[in-house]
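S.K.: Given the coordinates of chain A, assemble chain B onto it according to the supplied hints.
Here the protein sequences line up with chains A and B, keeping their order. Heads up: the first sequence runs through residues 1 to 450, numbered per the numbering used here. Heads up: the second sequence runs through residues 1001 to 1164, numbered per the numbering used here.
One thing to keep in mind: the hints can contain errors.
[As the list claims (entries may be wrong)] Calculated pairs, DMTMM-like style, for lysine to aspartate or glutamate (alpha carbon to alpha carbon, straight line, at most 25 Å):
(1) A:K357 x B:E1018
(2) B:K1129 x A:E277
(3) A:K357 x B:D1132
(4) B:K1129 x A:D288
Since the hints were derived computationally from the structure, they do not count as laboratory data. None of these values were measured; they are calculated from a predicted model.
Residues per chain, in single letters:
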Amino acid sequence: MSYFHSVTLEREKCKGCTNCIKRCSTEAIRVREGKARILEERCVDCGECIRICPNQAKVAVTDKLERLKEFRYNVALPAPAFFGQFGREVDPERVMDGLLRLGFDHVVEVALGADAVTCAIRWYMEEHARPRPLISSACPAVVRLIQVRFPSLVDHIIPLQTPMDAAALIARREAREREGLKDEDIATWFITPCPAKMTAIRQPVGVQRSEVTGAFSMSEIYGLLLGVMSQAREDGGLCRASALGLGWGRAGGENHAIGTGALLAVDGIHNVIAVLEEVLRDRLQDLDYLELQACVGGCVGGPLVTENPFVGRTNLRVLTERLADVHPGLPVDASRQIFKSGQLAMRCRIEPRPVMKLDEDIARAISKTEQLERVLASLPGLDCGSCGSPHCRSLAEDIVRGSAFETDCIFKLREQVHALAKEMLELAQKLPPAMRQGEEASRADKDGET
Amino acid sequence: METRKPDQTAPDGPARLELEFAVEGRDFAAAGNAASRIKRALEHVGFAARAVRRASITAYEAEMNIVIHARRGVIRACITPEAVTITADDEGPGIPDIELAMQEGYSTAPEDIREMGFGAGMGLPNMRKCSDRFSIESRVGQGTAVRAVIRNERRGTEGRGLDR
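Here chain B stands alone, though its shape is the one from the complex:
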């Protein structure tokens, strides 16, 4: 399931860790594995607890979007001391109206998925809220590419819960 790129870091280059995970559509048994592995890596690196949480939410939502909507996809995380960049590229139906999809509560998830408690239309809005930079590109009938950057910042760790 999992594929990893060889370490592309030159010994004296900037510190950087790349992780890559293949995700299969409708594979609910394995859903969340990629997000868990990314979270664990960020904990090992020593990211601020709050940044780990925001990245976990982002990676999980990205992974679930592939599981729910797409045939298959790849989740990547690129970790540097300053930030983690999470990208999700899928082969799937694509999103006809991205602006609409970014609205809270809007969902194109089929009824059977919604009945299972997923696809509440919070995935993309949640990812945007949790990330410092967020972009999305989609081609109908081909697939969707999401990119989210979460900075490793300690600011706000004194706050209660996630700031909304």
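Isolated chain A (complex conformation):
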């Protein structure tokens, strides 16, 4: 089965510009034959290309709302970031009630799952002294970034499932117990701020199958919700998550919820890469836990949100401050029961997926790496992207892999054209022997002798 990616290209919209190839954190895009091409094995679905594309040619594939018809009982799982999309005067109860009006049978906040995961992280850290630092598993783009670009660090990822998975577990259990439903009749739908979560649902790491059925784009649900918000009620009592759980939706919120230990929070995928380099060099051993999020600002900065990420972040902060003492969140006993049952644990190892190897045969790989270094030294080093590869280094790599030519570099091409033109000029000035006269003839004769 080929790897599913939420991030895809709408070919007809792509103009073949170089914006996305330069921005991609895993050098996963090339422009070939006038169109962007995503290298499937490298893409981590972070969605940076969706943000940067001036032609909206990069899109996130999510589920269509019609899919609700396929199941008897549908539960919406709104991400914490969803509550940052509304003005500060909007009560989250109205958002929850509004979701029911869109056709869901029940709503469980992912923040409630975050309450369970927060406790689980604390307990896991207490039980396991190594490795350090542990890395949050919450951002699927970061998890995939580690698999692809930092394969030696996969074992630093905390082997716990995410708040989304925990919320799905809670939702399914409640639907079975309260509604007497069978598991196959229940669907759990994540309202997602990003494509990476969609990919994580279709192709989870650490477990065989996700408890989440699918995902709807946050911006799409937001648009539909606007139509029903005026009728939505505030007395549904649907909000149960703690303010700390809700805080997971913005950068720093996860660490704030965990509260104990030496914690570091980093947001923005390029910043995440820089800090992972430090982990790789063993320079951050004195830290216990890293909250790493691909999007600037955290999930409120996801490619599928509607509100400006900074406004969304403030909205969420104000909301969590207001709710600080209102909802106690998931009871610790319930969190402990979920943790002890092992349902939150990842059941298989997160596999490294290194993509840099130039050849399966190591001797050939060494010779290709040598060739790569040589080609790289001959390239201009401007990283202009005109060749369709993001940097001179990636062009050199593509040349060695056989998917590009040295003359794809416009400067190398120009050099060759220049040399060719010079040669042509020289040839054009040469005369046949019968037409040569005097000095020119004797010089030509001499040239012929040497």
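M.R.: Positioned in the frame of chain A, the structure of chain B alone reads:
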């Protein structure tokens, strides 16, 4: 900055890649570049992830030692299918007591460097821990030469983090 030796491999000789990088003392802006390039080359060659990490740590610590302590130096990496050999030769103050320098937490880094978060006295001990063979020679007033061999082994990749 960077100098490379021509490929010394005979076409039918054993596969081998040599990289060479000049490192300037106190050049913190460029610090880590050589280690990054060595890491990238090992990834292209397809070294085991764990070996790449151990070599990255070793190369980085070697590079930082030159940046912190020496006037200038050269980092070399020789990659074969079996192992990578990292050598660091510097022109610098040298180490009067190598045994002491190999102890964790012992550092001769000046205060200003320590305040910047470097020179915690873990460099040489870390390099020794990460390598399968490690040797160091030093002449006071002249310089230091470090040599570390990291085998390309897959053993231990199932473990959690680096074994200490």
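S.K.: Decide, hint by hint, whether the structure agrees.
M.R.: Verification of the supplied hints:
1. Distance restraint check for K357 of chain A and E1018 of chain B: the Cα-Cα separation of roughly 17 Å lies within the 25 Å cut-off, and the hinted pair is therefore satisfied.
2. Taking the CA atoms of K1129 of chain B and E277 of chain A, the gap is near 19 Å; set against the 25 Å cutoff, the hint holds.
3. Restraint check: the Cα-Cα separation between K357 of chain A and D1132 of chain B comes to about 23 Å, which is no more than 25 Å; the hinted pair holds.
4. Our distance criterion of 25 Å between C-alpha atoms is met by K1129 of chain B and D288 of chain A, whose separation comes to about 22 Å.
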